[in-house]
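A.B. asks: One letter stands for each residue in the lines below.
Number of protein chains: 2
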Amino acid sequence: MPNRFAFVGGQTGRWHVRSMQTVRGLALADALRLDIVPAQGPVPSIPAAWTLHGLISNVRYATRAELTALQSKQQMLNRPTATRAALIPITKSAEWWALAQDERRTIFEDRSRHTAIGLQYLPAIARQLYHCRDVGEPFDFLTWFEYAPEHAEAFEELVGALRATVEWTYVEREIDIRLERE
Amino acid sequence: MPNRFAFVGGQTGRWHVRSMQTVRGLALADALRLDIVPAQGPVPSIPAAWTLHGLISNVRYATRAELTALQSKQQMLNRPTATRAALIPITKSAEWWALAQDERRTIFEDRSRHTAIGLQYLPAIARQLYHCRDVGEPFDFLTWFEYAPEHAEAFEELVGALRATVEWTYVEREIDIRLERE
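Chains A and B, in that order, give the protein sequences. Read in the numbering used here, the first sequence has 124 at position 124, and its numbers run on one by one without any break. Read in the numbering used here, the second sequence has 203 at position 21, and its numbers run on one by one without any break.
Since the hints were derived computationally from the structure, they do not count as laboratory data. Bear in mind the structure is a predicted one, so any value in this text is a computation, not a measurement. Yeah, the Cβ is synthetic: ideal placement off N, Cα and C, and Gly gets one too. Mixed in with the good hints, there may be bad ones.
As the list claims (entries may be wrong) - Chain A regions said to be covered by chain B (calculated; three or more residues, Cβ under 8 Å):
(1) 69 to 76
(2) 110 to 119
(3) 147 to 158
Stated by the list, open to error - Anything over 10 Å on all C-beta distances counts as not near chain A; from chain B, calculated:
(4) Gln203
(5) Val205
(6) Leu208
(7) Arg242
(8) Tyr243
(9) Ala244
(10) Arg246
(11) Asp284
(12) Ile299
(13) Asp316
(14) Gly318
(15) Ala330
(16) Glu335
(17) Glu338
(18) Arg345
(19) Ala346
Kindly produce the complete structure, drawing on both the sequences and the hints.
C.D. replies: This is the structure we're talking about:
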């Protein structure tokens with residue numbers, strides 16, 4: 001199973017960019033389209049506005065009960081009906097990363113209910129987290145969501161709920177890219 | 183602060199290889215010497231038996247109390263007296279990585295006392311963990327230890343204690359490389 005992917009924003013790609021919004025921190029150059037390509041080896045040099053690399057990894061906070069609940073409800077990516085997507089790259093502060101595991105868990109779930117909030121929007125909104133901290137990338141995470149157009153309003157609720165959490169006070173850069181495919 | 187390093191085993195390097203032992207799984211080719219070089223960009227192509235890449239990252243299991251205890255006792259790498267070292271690359275099983283965070287924490291600390299055991303050997307034995315799972319490397323972790331020759335026996339105790347834990351039943355590949363510098 002490939003676990004490394006490149007998100008290539010530019011003039012070409014399967015996904016059409018509907019909007020790009022800088023929520024916090026430095027902007028990212030405008031792109032018209034986006035492609036996601038496996039990046040186990042060198043990535044072919046496509047003319048691009050930007051290329052962001054991310055890795056699928058093991059869960060970092062979910063308990064067995066949470067993981068079982070997620071796995072029983074979540075859907076795969078690439079559902080034919082899921083023609084809308086969002087790519088939301090985020091970076092957390094140095095303060096966050098200096099916290100111990102129990103402190104981060106407390107903020108992530110006990111105080112912010114991150115997993116609990118996400119669970120409310122399953123199976124409608126499929127989600128994949130890509131890690132990119134530690135590998136020389138400008139962001140810590142690339143968060144990726146896919147949903148059908150009729151769940152666009154639910155997706156706004158989900159994003160709004162997460163941004164209102166204590167956890168989000170540790171986010172110092174966030175770009176919200178909304179996408180659509182034919 | 184650079185966080186990515188290449189461990190280059192071959193004919194040259196600051197560290198002389200005293201021994202290489204395959205503890206579990208596939209062997210690694212013999213090397214006479216080892217160098218550790220920052221690897222933020224492309225690594226210079228040194229003729230080598232093998233090159234292993236690792237990343238320094240945030241803590242994954244330690245609580246605030248454990249982290250404070252570690253930080254108050256642990257020493258930096260490169261102490262002049264620490265002329266002995268060990269590089270122990272390990273890979274854990276797919277079963278380990280499929281566990282939830284609380285399950286891994288329970289095995290790591292509640293049942294195996296990983297941090298508690300390490301604390302007993304501070305400040306004598308300095309330690310640095312490098313992550314390499316998820317980035318196309320053959321191992322999950324490169325564990326690195328530095329100590330003075332008079333603590334060689336204590337180091338054997340530490341390694342023996344860790345290998346006897348429940349956590350170690352999830353280790354499916356382990357190479358034990360002992361080193362010395364002038």
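A.B. asks: Indicate, hint by hint, whether the structure satisfies it.
C.D. replies: Going down the list of hints, with the structure as the test:
Against chain B, the region 69 to 76 of chain A contributes 0 residues with a C-beta closer than 8 Å to a partner C-beta. That does not satisfy the three-residue criterion, and the hint is violated. Evaluation of the coverage hint for the region 110 to 119 of chain A: breached, as 0 residues show C-beta separations to chain B shorter than 8 Å, against a requirement of three. Here the region 147 to 158 of chain A counts 0 residues with a CB under 8 Å from a CB of chain B, which misses the bar of 3, and the coverage is violated. Non-interface status of Gln203 of chain B relative to chain A is upheld: no Cβ of that chain comes within 10 Å, the nearest being about 28 Å off.
Consistency note on Val205 of chain B: stated as away from chain A, and its beta-carbon is indeed over 10 Å from all of that chain's, at 23 Å minimum. At roughly 20 Å from the closest C-beta of chain A, the C-beta of Leu208 of chain B stays outside 10 Å, upholding its exclusion from the interface. The beta carbon of Arg242 of chain B sits about 6 Å from the closest Cβ of chain A, which is not more than 10 Å, so the claim that it is off the interface is violated. Distance check for Tyr243 of chain B against chain A: the nearest CB is about 5 Å away, which does not clear 10 Å, and the non-interface claim fails.
Not every Cβ of chain A is farther than 10 Å from the Cβ of Ala244 of chain B; the closest lies at roughly 5 Å, contradicting the non-interface assignment. Once the 10 Å rule is applied to beta carbons, Arg246 of chain B is inconsistent with being away from chain A; the minimum gap is 4 Å. Once the 10 Å rule is applied to beta carbons, Asp284 of chain B is inconsistent with being away from chain A; the minimum gap is 4 Å. With a minimum CB-CB distance of about 18 Å to chain A, Ile299 of chain B clears the 10 Å threshold, and the non-interface call stands.
Taking the minimum C-beta to C-beta distance to chain A, about 5 Å, the non-interface status of Asp316 of chain B is violated against the 10 Å cut. Under the 10 Å C-beta cut-off, the non-interface status given to Gly318 of chain B relative to chain A is violated; the minimum distance is some 6 Å. With a minimum CB-CB distance of about 29 Å to chain A, Ala330 of chain B clears the 10 Å threshold, and the non-interface call stands. At the 10 Å boundary, the C-beta of Glu335 of chain B stays outside the reach of chain A, the nearest C-beta of that chain being 32 Å off.
Its beta-carbon lying about 29 Å from the closest one in chain A, Glu338 of chain B satisfies the requirement of being farther than 10 Å from that chain. No beta-carbon of chain A is positioned within 10 Å of the beta-carbon of Arg345 of chain B; the least distance is around 23 Å. Look at Ala346 of chain B: its CB is around 24 Å from the nearest CB on chain A, clear of 10 Å, so calling it non-interface holds up.
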